[in-house]
Amino acid sequence: KAGVTQTPRYLIKTRGQQVTLSCSPISGHRSVSWYQQTPGQGLQFLFEYFSETQRNKGNFPGRFSGRQFSNSRSEMNVSTLELGDSALYLCASSRGEYQETQYFGPGTRLLVL
Amino acid sequence: AQTVTQSQPEMSVQEAETVTLSCTYDTSENNYYLFWYKQPPSRQMILVIRQEAYKQQNATENRFSVNFQKAAKSFSLKISDSQLGDTAMYFCAFMKHRGGSEKLVFGKGTKLTVNP
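So the protein sequences, as listed, match chains A and B.
When you line the first sequence up against the working numbering, it's residues 7 to 119, in that order.
When you line the second sequence up against the working numbering, it's residues 24 to 139, in that order.
Excised from the complex, chain A in its bound form (with noise of 0.2 Å):
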């Protein structure tokens, strides 16, 4: 089976722009879970999403918003870029029924500029 797969891996961006990163979770996982990876923050949870509902929301302003498709593939996007949203986003996946174990993707690394 193919795992999780994100894109793009790289993005350079600037201030003020916006972005929009993407995930394939693995086939039949219906529950796609994003995180940021900071040094200073580490990881925090984002949002989850499971058969294209939102069931889950991290503290994370409104800038930053997603959404899964019929497929089950989920993008993310943030708006208004700042500096501090220079992160590894990692995207997981699981099965979503029941607490499963989610397994994770290369990560989208952003750098604003």
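Because the hints were derived from the structure by calculation, they are not lab data.
From the three backbone atoms N, C-alpha and C, an ideal C-beta is built for every residue, glycine too.
Certain hints may be false.
[Stated by the list, open to error] Distance condition first, Cα-Cα at most 25 Å in a straight line; then the derived DSS-like pairs of lysine-lysine:
1. B:K93 x B:K78
2. B:K119 x A:K63
3. A:K63 x B:K126
4. B:K101 x B:K134
5. B:K93 x B:K131
6. A:K7 x B:K126
7. A:K63 x B:K131
8. B:K119 x B:K78
9. B:K134 x B:K96
[Unchecked claim] Listing some non-contacts, in silico: residues in chain B with all C-beta distances to chain A over 10 Å:
10. E33
11. M34
12. A39
13. T43
14. N53
15. N81
16. N85
17. R86
18. F91
19. D109
20. E125
Model the placement of chain B on the given structure of chain A, informed by the hints.
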């Protein structure tokens, strides 16, 4: 809110030796899951081991085993016969047992270096 604490920011071990990474957590939940994930340099996060809180038996996975002390809210990872490929950041993580949502709460991580 749940918190996970890894008190050892960095550790090192000689190849073939045994090392134990510490993790403590704080929760009012009775049922939950605990995980250890490994993140090698510039590579993706991979699951090392998973423990269900309702199971008294400690989880093992080849050279990796845990010491789960529910009353003490402690969840340490023991790596036996350390290998160079074990060099990585190790994250301890917590997940509630309640259905309908999945969210991992991570510790800050322990950077493990295995020396030849």
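Each hint, compared with the structure:
In summary, the hint linking K93 (chain B) to K78 (chain B) is supported, as the alpha carbons are separated by about 10 Å, within the 25 Å threshold. For the proposed pair K119 (chain B) and K63 (chain A), the alpha carbon gap of about 15 Å is at most 25 Å, so the pair holds. The straight-line distance between the Cα atoms of K63 (chain A) and K126 (chain B) is roughly 9 Å, inside the 25 Å bound, and the hint therefore holds. Distance restraint check for K101 (chain B) and K134 (chain B): the Cα-Cα separation of roughly 14 Å lies within the 25 Å cut-off, and the hinted pair is therefore satisfied.
Only pairs whose Cα atoms come within 25 Å are accepted, and K93 (chain B) paired with K131 (chain B) is accepted, the gap being roughly 21 Å. At roughly 24 Å between alpha-carbon atoms, K7 (chain A) and K126 (chain B) fall within 25 Å of each other, so this suggested pair holds. Under the criterion of a C-alpha separation no larger than 25 Å, the hint pairing K63 (chain A) with K131 (chain B) is consistent with the structure, at around 20 Å. A threshold of 25 Å between alpha carbons decides the hint, and for K119 (chain B) with K78 (chain B) the separation of about 15 Å falls inside it, so the pair holds.
At roughly 22 Å between alpha-carbon atoms, K134 (chain B) and K96 (chain B) fall within 25 Å of each other, so this suggested pair holds. Against the 10 Å criterion, E33 (chain B) stays outside the reach of chain A, whose nearest CB is about 14 Å from its own CB. The beta carbon of M34 (chain B) sits about 17 Å from the closest Cβ of chain A, which is more than 10 Å, so the claim that it is off the interface holds. Non-interface status of A39 (chain B) relative to chain A is upheld: no Cβ of that chain comes within 10 Å, the nearest being about 29 Å off.
The beta carbon of T43 (chain B) is kept farther than 10 Å from every beta carbon of chain A, the shortest such distance being approximately 21 Å. At the 10 Å boundary, the C-beta of N53 (chain B) stays outside the reach of chain A, the nearest C-beta of that chain being 14 Å off. The beta carbon of N81 (chain B) is kept farther than 10 Å from every beta carbon of chain A, the shortest such distance being approximately 17 Å. Non-interface call for N85 (chain B) relative to chain A: holds, since the shortest CB-CB distance, roughly 17 Å, exceeds 10 Å.
With a least CB separation of 19 Å from chain A, R86 (chain B) remains clear of the 10 Å interface cut-off, as annotated. The claim that F91 (chain B) lies off the interface holds: its Cβ sits roughly 16 Å from the closest Cβ of chain A, which is beyond the 10 Å cut-off. Residue-level check passed: D109 (chain B) sits 18 Å from the nearest beta carbon of chain A, beyond 10 Å. Under the 10 Å C-beta cut-off, the non-interface status given to E125 (chain B) relative to chain A is violated; the minimum distance is some 6 Å.
Of the numbered hints stated above, the single one contradicted by the structure is hint 20.
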